[in-house]
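Take the sequences, apply the hints, and build the full model.
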Amino acid sequence: MHKTLRRRAALGAGVAALLLAGCSQTPPEPTPEVLTASTAGAAYLDAVCPVNTAWDLADVELDRLRLAVSRGSADPDDTAAALRHVADESKRAAASLDPKRSTWPAPAREAVAEVRQTLVADRKQALTVAKLDAKRMVAHTWEGAGDAAAAATAAHTALELPTEPDAACTQWAEQRAEAKAEKQRETAADPDAAESDGSSGSDDSGSPGSPDTAEDTAPTPTTPKERPRG
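Per mature numbering (1 follows the signal peptide of the UniProt record, and there is no 0): the sequence shown = residues -26 to -1, 1 to 204.
Treat the hints as calculated values from the structure; they're not laboratory data. From a predicted model like this one, the values you see are computed outputs, not experimental measurements. Hints are supplied without guarantee of correctness; some may be wrong.
Claimed, not checked - In the DSS-like style, the derived pairs of lysine-lysine whose C-alpha atoms are separated by at most 25 Å in a straight line are:
hint	residue 1	residue 2
1	Lys65	Lys105
2	Lys98	Lys74
3	Lys109	Lys98
4	Lys109	Lys74
Laid out in structure tokens, this is it:
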């Protein structure tokens, strides 16, 4: 009888240990996508171009606020909202450039990491400036703009992109627009195929910060020195 009890106790302990071991195991980390030389440039622009567009909009709001302050009264709410949008886009871009998500080509790895660091810093600074009053907001000098520009230039060179960020993002927006148009043409030619895959031929290109709407909604900022470019 005692042997049987001991045996059962030992068996129960073993099963419990196995169950605990199974519960303590965490899901494996997702494998980073390995980017090739031909895909890395597009992936980089997918990350940073919406940030640049958000900065275009923020610069416009800063110019408007600066003019209002010079006239004696100003409401910083719209400018603060634009800066919070910059912070949101910077956070998204930094996540997209995370080496845990993608493995970048070796020649570009360090430069992309530096751009990611500037995005993290920009997000923090944008949220801080968004809380300032109107006068302090327009008087603020953006910290780290030179570092951000240098990091962006290094990344563009390593990824064989146009050195000028605006030119690179213009090409990126044109390619996106062409891809969207091609998708719409395919949908028009074969609507049954679109229904079968759940595609409606539309995307989120009209959302805030999208380069597809930037040229229509944001005039060229008069103070480009205020924004770091990706």
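We went through each hint and held it up to the structure:
1. Restraint check for Lys65 and Lys105: satisfied, since their Cα atoms lie roughly 18 Å apart, inside the 25 Å limit.
2. Distance check on the hinted pair: Lys98 and Lys74 sit about 21 Å apart at the alpha-carbon level, within 25 Å; holds.
3. As the CA atoms of Lys109 and Lys98 are separated by approximately 20 Å, the hinted pair is consistent with the 25 Å bound.
4. Taken as a hint, the Lys109 and Lys74 pair is broken in the structure, with Cα atoms around 41 Å apart against an allowance of 25 Å.
Of the numbered hints given earlier, the model fails hint 4 alone.
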